[in-house]
Every structure is written in C-alpha cells, then in structure tokens.
Amino acid sequence: MKNTFKVVLIVLITTVFILVLSFVFQKDKEKKSNESGGETIVQEKNDLEKAEEFAEEMKPKVEERLHKIDIHNFIKTITFDKGVNVNPMGYIIIRGYINGNPEKYDFSASLEYRSKEVGTMTFSPELSYRFKDWDKFKDEPELKENYLKRLSEKEREQYLKDIGEKE
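The sequence shown begins at 1 in full-length UniProt numbering and counts up by one.
Hints are computed from structural coordinates only; laboratory data are not their basis.
Just to be clear, a hint being listed does not mean it is correct.
Taking CB as the label site, the calculated pair distances span [as the list claims (entries may be wrong)]:
no., residue 1, residue 2, range
1, Phe25, Arg65, 37 to 47 Å
2, Lys154, Thr120, 12 to 22 Å
3, Lys76, Lys154, 32 to 42 Å
4, Glu49, Glu165, 12 to 22 Å
5, Lys166, Glu52, 37 to 47 Å
6, Glu52, Asp139, 39 to 49 Å
7, Ile71, Lys104, 14 to 24 Å
8, Phe25, Lys116, 42 to 52 Å
9, Glu56, Gly90, 13 to 23 Å
10, Leu143, Glu49, 38 to 48 Å
11, Ser152, Gly90, 38 to 48 Å
12, Phe25, Gly83, 17 to 27 Å
13, His72, Arg114, 28 to 38 Å
14, Asn87, Leu12, 51 to 61 Å
Small disclaimer: the values here were computed from a predicted structure and weren't measured.
Every residue, glycine too, gets a C-beta built ideally from N, C-alpha and C.
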C-alpha cells in the first residue's frame with residue numbers, strides 16, 4: 001500500500017509540474033506575440049504615413065497627367081479624396097474626382113514609390129468619354145452617333161458642351 005501511495009504521489013507531482021511548466025511557457029509565448037504585434041502595428045502606421053506623404057508629393061504629377069489626357073479642356077477643378085490605399089503589389093492608390101462631381105467624374109491613380117511615377121489611371125465611364133478623341137474615329141462616325149443616341153437630350157447637350165462642340 002505504501003508503494004501504491006508513493007507511485008500515486010509521484011504521478012501527481014509530475015502532472016502538477018508539467019501543468020505549471022506548460023502554463024509558464026504559454027504566458028511567455030503570449031507576451032512575445034503581443035510585443036511583436038505592437039511593433040507590427042507601429043510599422044504599418046509608419047508605412048501608411050509614408051504612403052500619404054508620397055501621395056501628396058505626387059498629386060501635381062497626377063494633375064499634370066489628367067490635363068494632358070483632357071484634349072477638350074473639360075477639367076475645371078480636380079479634387080483628391082482623403083487617405084490612400086496600398087494594394088498588395090505595393091502600389092499606392094489615390095482617388096479623386098473632376099469638376100466637383102464625385103458620382104460622375106471620378107478617377108483613381110496608382111503611384112509607383114520606387115520609380116516616383118504615376119502608373120495606371122482609371123476613370124469612370126462618363127469621365128472617360130469626356131477624354132475621348134473622336135477625330136480618331138472619323139472613318140466610323142456611327143460610333144459617336146451611337147454614343148450620343150444613348151444619352152438623353154439634356155445629357156447630349158451637356159456632353160457636346162463639355163467636349164467643346166456646342167456653346
């Protein structure tokens with residue numbers, strides 16, 4: 001009976017010892033993950049701040065590119081949205097709109113940090129049509145006619161004013 005008691009006591013002490021060790025290691029592991037998690041968050045904030053500063057520096061280049069594309073001198077004002085996005089490929093994306101109309105004339109531009117260049121730009125369909133050079137389609141006048149037919153009379157008049165074909 002004394003031998004059985006000794007065996008049970010040894011098993012009990014060993015089990016308690018293992019539980020205490022696992023508890024200590026678990027707490028240590030949680031502490032390390034919290035420390036690195038905090039550093040990661042700070043690093044992300046610093047990267048986002050750098051991206052926002054870079055976007056501010058690049059806004060004049062984006063404006064220049066927009067005016068270069070605007071063959072009909074449609075652009076009166078350019079407004080940039082606050083904040084930036086960084087996509088998984090590392091491009092910084094800024095968004096904005098033209099002539100105070102964010103619903104109709106919005107755009108986005110991807111900025112390349114390493115080369116300090118404006119990359120791809122995308123436009124809403126309405127804005128894209130304001131930049132279209134119909135002279136390139138002189139052999140196919142029905143393209144422009146078909147586009148104009150799908151617009152209401154008011155929209156058609158506005159479009160023709162926007163591209164400088166009507167006063």
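(request) Could you see if the CB distance from Ile71 to Lys104 stays within 14 to 24 Å? (result) holds (19 Å)
(request) Given the range 39 to 49 Å, decide if the beta-carbon distance of Glu52 to Asp139 lies inside it. (result) holds (46 Å)
(message) Holds or violated: the 38 to 48 Å window for the beta-carbon distance between Ser152 and Gly90?
(response) holds (43 Å)
(request) Using the beta carbons of Asn87 and Leu12, state whether their distance is inside 51 to 61 Å or not. (result) holds (58 Å)
(request) Return holds or violated for the Cβ distance of Lys154 and Thr120 against the range 12 to 22 Å. (result) violated (33 Å)
(request) Can you let me know if the beta-carbon spacing of Phe25 and Gly83 is within 17 to 27 Å? (result) violated (42 Å)
(request) Just tell me: holds or violated, for the beta carbon distance of Lys76 and Lys154 against 32 to 42 Å? (result) violated (19 Å)
(message) Quick check on a hinted range of 37 to 47 Å for Lys166 and Glu52, using CB atoms only.
(response) Distance hint for Lys166, Glu52 holds at roughly 41 Å.
(request) Given the range 13 to 23 Å, decide if the beta-carbon distance of Glu56 to Gly90 lies inside it. (result) holds (18 Å)
(message) 38 to 48 Å was suggested as the range; check whether the CB atoms of Leu143 and Glu49 agree with it.
(response) holds (46 Å)
(request) With respect to the beta-carbon atoms only, verify the hint that Glu49 and Glu165 lie 12 to 22 Å apart. (result) Given about 46 Å between the Cβ atoms, the range is violated.
(request) Could you see if the CB distance from Phe25 to Arg65 stays within 37 to 47 Å? (result) violated (56 Å)
Checked against the numbered hints listed earlier, the structure breaks hints 1, 2, 3, 4 and 12; every other hint is satisfied.
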